[in-house]
Structures are given as C-alpha cells and as structure tokens.
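Residue numbers (the working numbering), protein chains in the order written: chain A, 1 to 216; chain B, 1 to 216; chain C, 1 to 215; chain D, 1 to 215.
No wet-lab data here; the hints were simulated from the structure.
Some hints could be false.
Unchecked claim - DSBU-like cross-link-like pairs, simulated, lysine-lysine; straight-line CA separation at most 35 Å:
| # | chain 1 | residue 1 | chain 2 | residue 2 |
| --- | --- | --- | --- | --- |
| 1 | C | LYS57 | B | LYS120 |
| 2 | A | LYS120 | D | LYS81 |
| 3 | C | LYS57 | B | LYS155 |
| 4 | D | LYS81 | A | LYS155 |
| 5 | A | LYS120 | D | LYS129 |
As the list claims (entries may be wrong) - Each pair of labels, with its calculated beta carbon distance range:
| # | chain 1 | residue 1 | chain 2 | residue 2 | range |
| --- | --- | --- | --- | --- | --- |
| 6 | A | GLY26 | D | PRO55 | 46 to 54 Å |
| 7 | B | ALA179 | A | ARG71 | 55 to 63 Å |
| 8 | B | ARG16 | C | GLU133 | 32 to 40 Å |
| 9 | D | VAL193 | A | LYS215 | 56 to 64 Å |
| 10 | C | ASP127 | D | ALA66 | 49 to 57 Å |
| 11 | D | GLY215 | C | ASP127 | 40 to 48 Å |
| 12 | C | LEU124 | A | GLY26 | 50 to 58 Å |
| 13 | A | TYR34 | C | THR182 | 28 to 36 Å |
All C-beta atoms in this analysis are idealised placements derived from N, C-alpha and C, irrespective of residue type, glycine included.
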Amino acid sequence: MDPQIIIARRVARELRSGNLVNLGIGIPTLVANYVPADLKVFFQSENGLIGTGPIPEQGMAHPLLTDAGGRPISALPGAATFDSAMSFGLIRGGHVDVTVLGGLQVDADGHLANWMIPGKMVPGMGGAMDLVSGARRVIVAMQHAAKGKSKIVAKCSLPLTSARPVDLVVTDLAVIGFARGKATLMETAPGVGVAEVMAVTEADLTIPGTVPEMKL
Amino acid sequence: MDPQIIIARRVARELRSGNLVNLGIGIPTLVANYVPADLKVFFQSENGLIGTGPIPEQGMAHPLLTDAGGRPISALPGAATFDSAMSFGLIRGGHVDVTVLGGLQVDADGHLANWMIPGKMVPGMGGAMDLVSGARRVIVAMQHAAKGKSKIVAKCSLPLTSARPVDLVVTDLAVIGFARGKATLMETAPGVGVAEVMAVTEADLTIPGTVPEMKL
Amino acid sequence: MKPISVEEAVAMIPSGASIMVGGFMGVGTPERLLDEVVRQQKAGLTLISNDAATPGKGVGKLFDAALVSRLTATHIGLNPKAQQQMLANQIAVDLIPQGTFVERIRAGGCGLGGVLTPTGVGTLVADGKRLIEVHGESFLLETALRAQFALVHAFLADYLGNLTYALTARNFNPVMAMAADTVIVTAEHIVPVGVIAPDHVVTPAPLVDYLIANG
Amino acid sequence: MKPISVEEAVAMIPSGASIMVGGFMGVGTPERLLDEVVRQQKAGLTLISNDAATPGKGVGKLFDAALVSRLTATHIGLNPKAQQQMLANQIAVDLIPQGTFVERIRAGGCGLGGVLTPTGVGTLVADGKRLIEVHGESFLLETALRAQFALVHAFLADYLGNLTYALTARNFNPVMAMAADTVIVTAEHIVPVGVIAPDHVVTPAPLVDYLIANG
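Please work from the sequences and hints to get the whole structure.
Structure below.
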C-alpha cells in the first residue's frame with residue numbers, strides 16, 4: 001500500500017461521529033477519503049467553512065467557495081460559513097475536536113516543528129500555531145523519515161510550532177503516542193517489526209509489552 | 001416649553017446625516033422625535049440593532065424586536081441586527097458617532113457620573129461605561145438641577161462613569177461645552193440669562209464674550 | 001448534537017452549577033429551560049446573564065424562586081427582587097460593563113486569556129484589576145469567563161444543530177454558545193438540514209451539545 | 001456611505017499608506033480596487049493581508065508591481081514573488097499566526113488594546129512580546145492592529161451600505177471593515193434597501209465609507 005494511504009487510513013480511524021475536524025494540507029487532506037460513510041464528521045476549512053464536501057463536478061465550481069489553498073471545493077447540506085474571527089475562535093477555543101497536520105519534526109516530548117526551516121523555507125505559519133495550541137487533539141500525519149533521516153527526533157532542531165505537545169503521530173511505519181509525556185510506540189504498520197521502527201527512529205521510544213499492528 | 005422637550009430638541013440639532021447614534025433611556029430617547037425627516041441618522045439599540053423605528057402600530061409588535069429596556073420597537077428598511085459582541089465592538093471601537101446619555105452629575109472637567117448612588121441606587125452600569133469610553137462624541141442630556149441642587153458640579157461626588165470627559169451637556173437652561181478641558185457656557189435656553197444659569201450652577205463656568213440663545 | 005427532552009436536559013445540571021443564560025431583558029431567553037430549572041429546584045446557581053430581566057420573565061424566574069447564589073451581570077435595576085436579594089446579601093453580585101461582559105465571555109469561548117479594554121479605567125470597575133499600557137494608553141485586563149452550562153435560545157435550529165437567531169433575540173446567545181462545557185439549546189422552530197443557508201448560520205452545529213426536542 | 005468611482009476611491013489613497021485588504025488566497029478580494037491601485041502606481045504600501053495570494057491574483061498583483069514595502073501576513077508560501085522580495089529585503093515582512101492576525105485586527109476595530117492568546121507561547125513568535133499570566137496560564141499579549149484604509153469585498157451591498165458576504169469569501173472582510181479609518185467596498189451586486197434582511201446583514205451600513213459604484 002502507498003505510504004501516504006497507510007497514514008491517511010490509520011488517521012481516519014481516530015475520528016468519531018460528531019467530531020469537528022480540521023485537516024492540514026498534504027497527507028492530512030487525504031484522510032477525508034477514508035472516513036466511513038456512516039461516520040458523521042464535520043470538516044472545517046479554516047478560511048471559513050464547516051461541512052466541506054468533495055471537489056465539485058466539472059462546471060460546478062464556484063470561485064467564492066474554496067479550501068484554504070484557494071482551490072474549489074463543495075459544501076455538504078448543513079454546511080456553515082463564517083468569518084476568520086469565528087473560524088479561529090473555533091480553533092483556539094477548543095471546539096475543534098481533532099486537527100491533523102503535517103510535520104517536519106516531532107520530538108521525544110511530542111513537540112512539533114512544521115512551519116519553517118531557517119534560511120530556507122519561510123512561508124509563514126498560517127493557522128498551524130493556533131491549531132496546535134487550541135485543538136482538543138492534535139494528530140501529526142507524516143512520513144516516518146525523509147531522505148533517510150528520521151523525522152521522529154530526540155529534540156526538534158527546527159523552530160517549534162507550539163509549546164503544547166501533540167497527542168499522536170501516525171507515520172507509514174508506526175503510531176506513536178505520548179502517554180506520560182514520552183514518545184511511546186503504540187502500533188506498527190502491517191508487516192513492519194518493532195526493531196525496524198526503532199532502527200529508523202532517532203528519538204528514544206518507550207516500547208510497551210505488546211505492540212499491535214495497525215488496523216486500516 | 002417642557003424642559004425635557006427643550007433638551008431633546010436642542011440635542012437633535014447636534015446630529016448629522018450618516019451619523020450612527022445611540023440614545024440612552026429617559027430624556028435621550030426623546031431626541032429621536034425631533035430629528036428632521038430629511039436627516040438620515042442611524043439609531044443603534046445596544047441590544048443588537050441599527051435602524052430602530054417607532055413603536056409599532058397596535059397588534060404589530062414582535063416579542064423578539066425590542067429596545068434595550070425590553071419594550072417593543074420597530075425597525076426601518078435597511079436595519080441590521082447583530083449580537084452583543086458586535087454591538088459593543090461598534091460602541092467601543094469608535095463607530096458610534098454620537099451617544100446621548102442621561103446624567104446624575106457632570107463636573108467642571110467634564111467627568112460624568114450616571115450609574116450609581118452608593119448605598120441607594122446600585123442597578124449596574126449596563127452599557128453606559130462602554131458608551132462614554134468609546135463613542136466619538138458624548139452628549140449628556142439632563143435637567144440642569146434636581147431638587148434645587150445643581151447637577152453641574154465642581155467635582156463629581158458620585159462614582160464616575162468614565163475617566164474620559166464628555167463633549168457636551170445640554171440642559172433645560174444651557175448648553176455647556178468643555179473647550180480646553182473646562183466647563184464653558186456655550187448657549188442659554190430661550191428667555192434664560194447668563195446670570196440665571198450661573199446662579200444655579202455649582203461648577204465654575206467659563207463665560208465667553210457672547211453667549212447666544214439656543215436654537216430649537 | 002443530541003435531541004433531548006427538557007426534563008432530561010435540566011436533570012444534567014446539578015444544584016450549584018454555573019450557568020450562562022442568553023437573553024436581554026428576557027428577550028431571547030430559553031424560557032422552557034428556565035421553567036424546568038425552577039420545577040426541578042436547582043438551587044445555589046452561579047448565574048451569568050446580562051441582566052435580571054423582570055419578575056416572572058426570563059432569568060427573573062430564577063430570582064422569584066431564589067435559586068441564584070452568585071450573579072455576574074451588567075444591569076439588574078429593572079428587577080426589584082434581584083435588587084432586594086443583592087442588598088440582603090443573599091446573592092453575591094458582580095456588576096460589570098456590558099461590553100466587558102460580552103468580551104469576557106467571547107474570550108472564554110475563543111480560547112483567549114482575556115482582553116484589554118479602555119472601559120472602566122479610572123472608575124470603581126478598575127479596583128483590583130491589572131492596568132496594562134499599550135503605546136502609552138492604559139487598558140484594564142479583563143479575563144475570560146466560562147460556565148459549566150450555556151442555556152441558549154435560537155430562532156431556527158436544523159437537525160444537525162445549526163442555529164440562527166431573530167432580530168434582537170440574538171444578543172448574548174451566540175457568544176455563550178461557545179463559552180460553556182455543555183451547550184443546551186431551545187429553538188422556536190426545528191427545521192430540516194438545508195433550510196438554513198450556510199451563509200445564514202450564526203452558530204455552527206458542532207457547538208451545540210443538546211437541542212430540546214418538540215413535544 | 002458615499003458611492004464613488006474606483007478611480008476616485010483609489011486617488012484618495014496616498015503612496016506609503018497602510019491598507020488592509022480582505023481575502024484569503026485571493027478569494028474575497030476587491031480585485032477592481034487592486035487593479036486601480038496598480039494602475040495609479042500607489043507605491044511603498046504597508047499591506048495587512050492574510051497572505052500574498054498568487055502572482056496575478058488578489059494582493060498578488062501588488063507584489064507583481066512591487067508596490068509593497070511592509071507586509072503583515074500569516075502565510076506567503078504560495079507567492080514566489082513575495083518570497084523573493086522578502087528574501088531580498090525589498091519588503092519588511094511580519095509573519096504572524098492567523099488566529100492572532102484576525103484577533104489583532106478585531107481588537108483594532110472594536111476599541112480593545114489587545115488580547116491574550118496562548119498561540120505562540122514558547123515559540124519564535126513570543127520574541128519581544130509581553131507574557132501575561134492569568135490563573136497560572138501563560139498568554140502572549142498581542143496588540144491591536146489598524147490601517148488607514150480597508151479594501152473590502154462584499155457579495156451584496158444595499159444603497160445604504162449594508163453588506164453580506166458569500167461562502168468562503170467572507171474571511172477577513174468583516175473584521176477589516178471595522179479596523180480602518182476609511183473603508184472602501186466593492187460588491188458583486190448592489191441592491192435596493194430592504195433586499196438584505198436585517199438578520200443577514202454582516203457589516204452594518206454605518207461602517208462603510210465608500211462603495212464603488214457600477215459602471
């Protein structure tokens with residue numbers, strides 16, 4: 001299975017009926033494709049919409065209905081639109097149950113860095129800092145390693161997105177939680193062993209007695 | 001002429017086309033009756049309405065359309081309703097051009113006391129403190145004296161409504177401004193002499209060379 | 001959002017709870033919920049409400065039944081019973097400016113620690129509060145306000161819980177619907193999904209925990 | 001509100017002015033006003049805008065024409081020209097979190113000195129800012145943001161200046177319409193008074209100084 005699809009499918013299993021969910025760009029966006037049809041999840045687009053729907057049919061797109069990247073989307077029946085003050089009131093105020101974000105690094109304490117690489121990539125943090133500070137649950141969806149280097153690090157070398165630790169990291173190899181504040185291997189991807197995960201992880205991982213395989 | 005009508009008519013002359021105006025309860029409410037029909041003034045009711053209209057015809061009142069005292073009102077074409085955060089955003093943010101409020105005391109420095117009499121009247125300040133802090137222009141509309149005592153005092157003995165001085169006081173006897181921060185007699189009511197005003201005013205008044213009579 | 005009977009909804013509120021109640025002089029107040037609070041005699045309440053309405057109307061019913069032990073409000077001058085109970089020290093009352101009241105609740109609902117307001121600087125309201133200077137101007141630090149329950153009255157609610165409000169009955173309802181652990185709503189009309197256009201929704205469905213069902 | 005031509009409206013804006021421009025990635029941006037700003041070559045602008053859009057679209061046009069000298073935004077990663085101009089120090093850029101951005105503008109429009117936000121505590125964003133503790137929790141003090149001009153795009157405007165917005169084109173427009181000395185609006189449709197129901201008005205007429213007339 002494609003690594004991105006493993007991640008998206010596993011993250012989708014974290015969502016519950018009635019949840020208000022905000023998906024970041026990249027892999028997180030894919031999560032919406034794997035939510036079971038009977039699960040009533042509200043997706044928020046932080047540019048001012050709850051109830052985002054799929055990409056419109058040919059010829060149906062409206063220029064004033066877009067996602068946070070400016071791309072046409074649709075809205076489901078029961079959608080609500082609002083201004084940016086409300087949108088971030090929802091985010092900062094703890095009304096977003098789950099946010100799924102991409103990551104550059106997550107460290108052993110659960111700190112996330114995902115918004116800049118000094119001297120290289122300085123796009124601005126957009127809504128990421130508010131999402132990590134305010135959402136009830138923060139899930140990072142990212143590849144376990146990039147260019148052979150672990151993205152689960154001992155200590156973030158890149159600027160942090162928030163002082164608040166994330167709740168869960170889902171990669172193509174593993175699910176990592178932060179029970180008692182320390183990175184803990186919760187699950188491994190299908191066909192991936194604990195030793196294999198440890199070998200490609202820079203951070204020290206707490207390994208429980210049993211580490212089940214991801215259900216997808 | 002009834003003293004209250006003198007005050008209301010004189011205050012009405014302070015309003016300009018396009019002004020957003022908030023009228024307090026009591027004498028200020030009467031001001032709306034004396035605005036010329038060709039003057040397009042927006043009246044705000046701080047419970048969430050711009051475009052307040054007259055008391056509805058018999059049988060036309062709606063229980064969800066009221067003034068800040070809970071009494072039925074109507075709305076003019078082009079009215080707008082909003083929540084209390086917006087209503088006080090308008091007030092505090094300087095978007096209200098003129099507020100007209102009642103007063104218990106105004107002192108020589110223009111400070112207003114109008115919300116409590118310690119040990120006697122403790123209703124709460126409602127919107128008064130925000131209105132005096134935030135409106136562009138604050139006009140106090142009140143009787144010059146109550147029970148034989150001047151309400152234009154040297155120094156307020158009652159708790160202040162705001163540290164910000166008011167702009168104009170209109171009474172049944174006089175119009176008092178605060179040019180250079182000091183109470184100044186701007187106009188006298190029809191048939192009232194400067195000496196008469198000074199005799200019933202506790203505060204020291206600056207008296208300009210000419211003091212015209214109020215136009216009503 | 002879960003549809004619920006008014007009896008079940010109020011049964012969730014313990015005596016001594018903190019409740020925010022929407023409405024301005026009883027306009028836009030969830031009367032059915034308050035009637036049931038009185039019937040179930042939920043006492044010792046901490047009430048956060050703009051005013052005390054009038055006896056027999058809106059939150060005035062809670063004072064009629066002497067169920068309030070603490071009150072944060074902006075104006076209670078039109079309810080003599082609330083005044084009496086305050087002057088007899090039966091209720092601890094915190095009277096604050098209306099713009100401050102709504103911003104504190106909004107801050108509570110939007111995850112802000114507080115706001116800086118010019119309102120009240122140099123008055124009794126400033127007593128015991130931090131004064132903070134920004135660009136040479138002084139502001140009071142007013143902190144966020146939340147409650148365990150928000151009792152909200154809407155005009156339309158759809159089956160998902162999206163809400164609209166009517167005319168001056170909107171007032172404090174939308175901000176309170178964000179600032180409590182549990183949000184319980186009454187609506188004048190319950191309508192199918194899609195009846196409320198997305199641009200007209202004021203309180204999005206995920207904010208509503210319980211909607212009082214008809215009948 | 002005064003109806004005005006787009007040429008006259010932009011002629012009021014001096015070079016070097018501070019302008020807030022509504023829109024999110026060019027959606028809900030007053031394109032006609034920006035085209036005219038470019039035509040009249042208003043340079044050295046201080047721009048307050050969520051993002052830099054993309055070249056050729058929305059505020060992206062201002063970067064195409066190199067008219068911006070200072071920028072406060074939340075994300076400019078999708079406009080390579082804005083990135084280049086920032087890295088070449090042609091523009092002084094202040095990148096701030098989006099929730100902080102909108103609250104600072106809201107504070108500016110609502111007469112608040114600032115707000116306390118948890119966002120950015122313990123990150124680079126906290127550098128040089130006051131940290132304020134409330135009930136044992138730390139917040140950043142983020143101060144109010146205003147501009148000389150707000151350029152706002154609405155969906156409907158009535159003859160008085162009441163505004164509604166459509167779908168995700170609302171975004172920053174309503175808060176910006178409160179936070180500038182002069183508010184200039186373009187609308188997709190200008191309609192008679194009464195076409196917009198009072199409950200649907202998002203920006204009340206008295207906030208609008210100028211509406212760009214059709215034709």
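Going through the hints against the structure:
no. : hint                               : verdict
1   : C/LYS57 with B/LYS120              : 25 Å, holds
2   : A/LYS120 with D/LYS81              : 15 Å, holds
3   : C/LYS57 with B/LYS155              : 40 Å, violated
4   : D/LYS81 with A/LYS155              : 34 Å, holds
5   : A/LYS120 with D/LYS129             : 25 Å, holds
6   : A/GLY26 with D/PRO55: 46 to 54 Å   : 22 Å, violated
7   : B/ALA179 with A/ARG71: 55 to 63 Å  : 59 Å, holds
8   : B/ARG16 with C/GLU133: 32 to 40 Å  : 34 Å, holds
9   : D/VAL193 with A/LYS215: 56 to 64 Å : 59 Å, holds
10  : C/ASP127 with D/ALA66: 49 to 57 Å  : 53 Å, holds
11  : D/GLY215 with C/ASP127: 40 to 48 Å : 58 Å, violated
12  : C/LEU124 with A/GLY26: 50 to 58 Å  : 54 Å, holds
13  : A/TYR34 with C/THR182: 28 to 36 Å  : 31 Å, holds
Of the hints listed earlier, those the structure fails to meet are numbers 3, 6, 11, in rising order.
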